[in-house]
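Top line first, the protein sequences correspond to chains A and B. Read in order, the letters of the first sequence are residues 1 to 374 in the working numbering. Read in order, the letters of the second sequence are residues 1001 to 1374 in the working numbering.
Hint data in this document are derived by calculation from the structure and do not stem from the laboratory. If you're wondering where the values come from, they're calculated on a predicted model, not measured in any experiment. Don't take every hint at face value.
Listed below are the simulated DSSO-like cross-link pairs for lysine-lysine, each with C-alpha atoms no more than 27 Å apart in a straight line [stated by the list, open to error]:
#1 A:LYS187 with A:LYS266
#2 B:LYS1187 with B:LYS1266
#3 B:LYS1294 with A:LYS366
#4 B:LYS1187 with A:LYS294
What the simulated footprint calls covered on chain A by chain B, stretch by stretch (three residues with Cβ under 8 Å from a Cβ of chain B suffice, anywhere in the stretch; the number is not a length) [to be verified]:
#5 67-73
#6 303-315
Pulled from the structure, derived: some chain B residues nowhere near chain A, Cβ distances all over 10 Å [unchecked claim]:
#7 ARG1014
#8 THR1026
#9 ALA1076
#10 PRO1087
#11 ALA1161
#12 GLU1162
#13 PHE1184
#14 VAL1185
#15 PRO1188
#16 GLU1194
#17 SER1199
#18 HIS1223
#19 ALA1237
#20 ALA1331
#21 ASP1345
#22 SER1368
No residue lacks a Cβ here, since even glycine has one placed at the ideal position from N, Cα and C.
Number of protein chains: 2
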Amino acid sequence: MTTTPNRPATAAPRAVALILAGGAGTRFWPASRVARPKQLLPLSGPDPLLVQTARRVAPLTGGESGMLVATGRHLAAPTAAILPGLPASGLLIEPAARNTAPCIGWAAHRVARTDPDAVIIVLPSDHHIGDEPRFREVAARAIESAASGVITTVGIQPTHAETGYGYIELGDERESGVRRVRCFVEKPDRARAEQFFASGRYLWNAGMFFFRAGDMVAAIRAHLPALADGLEAIDRAARDGDEDEAVARIFPTLPSISIDHGVMEKVGDLAVVPGDFGWNDVGSWQSAWELATKDEAGNAAPAGTVLVGARDNLVVDLRTRPAAGGDRVLALLGVEGLVIVETDDALLVVPRDRAQDVRDVVDRLKQSGRSGLV
Amino acid sequence: MTTTPNRPATAAPRAVALILAGGAGTRFWPASRVARPKQLLPLSGPDPLLVQTARRVAPLTGGESGMLVATGRHLAAPTAAILPGLPASGLLIEPAARNTAPCIGWAAHRVARTDPDAVIIVLPSDHHIGDEPRFREVAARAIESAASGVITTVGIQPTHAETGYGYIELGDERESGVRRVRCFVEKPDRARAEQFFASGRYLWNAGMFFFRAGDMVAAIRAHLPALADGLEAIDRAARDGDEDEAVARIFPTLPSISIDHGVMEKVGDLAVVPGDFGWNDVGSWQSAWELATKDEAGNAAPAGTVLVGARDNLVVDLRTRPAAGGDRVLALLGVEGLVIVETDDALLVVPRDRAQDVRDVVDRLKQSGRSGLV
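Build the full structure now, drawing on both the sequences and the hints.
The structure is reproduced here in structure tokens:
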């Protein structure tokens, strides 16, 4: 791998966050829609997950001026609206969805033009982190590792044998708190997940990556030459002040590939910092209930909800238009473990333990020609 | 008991229905309200229960002109509105709730003024009857029995050991299909209900009574003299054309007592016709689900409801104001045995087997100062 020479981490390296906020997602229907995906929703607290993500990383990047937020064209306006401190130039609007590698490469070139040694922190926009100071400690160590010239990830200490995530197998220790990555592993079956969890040698891949901008430019050149060619064409145009036109023309032609498959699994020397900071991928309404503030009966519901003999329910009211003639009372009597979500145009009732099947409702709506509701 | 002499039932006796439509009822909240009680709701079919009751009995009374409908002042307008064929004089508006005996006595005097031998059919307004032709056969026999000078009731053949109803113990046969009443029994405990059901000698008291107008006037005189005095004062005023004023002044002072306790349990010679015509007292949302037309998965829900893996649910949508900007989809995913009822100002979710506790929600609303919702 061609990189700029390693340097000792003396002063704190400059860090730029790249928050990936292009996700669509149907698992939070009816709250999540094509035009309002999960990261724009307040699923763990009063603010949208994206706002929480930006706020969480801001101390490491010198605020929102040190951030890039990548999203799709149809999401540019609502994304900018909830991040008023983000400069217009910080919004990377992908003209077409090409998975993560083209977007990360675009950001790497963008940063490398002025500072190839700046460390880029790639973060998903739609996860929850319970212990934010601890997250920043871990991230600071990963930034240092990346600043030394090795692409670094943060892996999550598993709490159970999950089959829904990819895993990272740990190698030797590189330095205190930083391990080598032995390999990336796709989502395992139940038996392998049990084995991974029991071994203590595997972390969850949470999609957080740390690298110097120049190192990623070089890694893409080494492992994804077709992508590198396209990105360099955009980079040349950007140096001439024509970035927008070049992105509109070239970006949709770039190979659609994830950074995991395209780069991480191919780079020989990767570092990983194990993290244990209350990470939750907020994968379904079940997760939202787990993260919500609940009363002593386990109910998370808006003030004014009448709860009689009701236990362990999640009520989410995202209506923006109050009912004509005054608001409406919601009464739950004797129900347990339900999720009830209401928007202006939909009301969903589902048991928490069926929440992972919400996509089935979206599919049914599409099949019946009601795509306006998805 | 002083009555006009028995007469053979040659021509069909004239019959007048008295439909008791004053009930309040909280068991169907949020559909039922103080100003919209159960009998005004379409709980078993497209029409309100009161409309169904009137239509069912009309062939026996020569249409709505042969009916009296008793209700409270606050319900007079909506009651009249759904019975457009009822003459204004057919609406008996009780200025105060005094239970059933004063109202039935008032009606008896009203009818007796012109025809003391006319048979009055007292019917609750808020029950469901599945087999209406069979009901009319049974009622016709009860009318004949009443026309012969004996106060007659129709008792329902029990289908299970119900503890929620009063019972009628059967005596000897009076004539074909008509038995003597041995006694009325209050709602029994579980053990007695089992015993009643096993014995085959008990019927459910469904509050249906048949009697000649003059016979009831006499029975009230014999067993409830204070009530008789008041009713006779109203009767005298009515003969002078001052009924409204007298009712307003005297009715609220009449003793508040049920016809069951005040008259039926005291009259020595009563007849009962056993009835088996698909009677249902529509006592809760559970009953409404039982009576509803359901799909093959047991769901009763409005067209357009998205049902994915949902079984045995009841959805009732009584909203009158469609949502601004188009209607809303309701999606039920994987839920079983739920009742979901929506009005303009309330949404209730309750398992069917907790439906009898809906009153607890009403109590909670009252306690929290939200009486406008009850």
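Quick rundown of the hints versus the structure:
no.	hint	result
1	A:LYS187 with A:LYS266	holds (18 Å)
2	B:LYS1187 with B:LYS1266	holds (18 Å)
3	B:LYS1294 with A:LYS366	holds (25 Å)
4	B:LYS1187 with A:LYS294	violated (42 Å)
5	67-73	violated (count 0)
6	303-315	holds (count 3)
7	ARG1014	holds (48 Å)
8	THR1026	holds (12 Å)
9	ALA1076	holds (24 Å)
10	PRO1087	holds (35 Å)
11	ALA1161	holds (24 Å)
12	GLU1162	holds (22 Å)
13	PHE1184	holds (34 Å)
14	VAL1185	holds (31 Å)
15	PRO1188	holds (26 Å)
16	GLU1194	holds (27 Å)
17	SER1199	holds (35 Å)
18	HIS1223	holds (42 Å)
19	ALA1237	holds (43 Å)
20	ALA1331	violated (5 Å)
21	ASP1345	violated (5 Å)
22	SER1368	violated (8 Å)
In summary, the numbered hints that this structure violates are 4, 5, 20, 21, 22.
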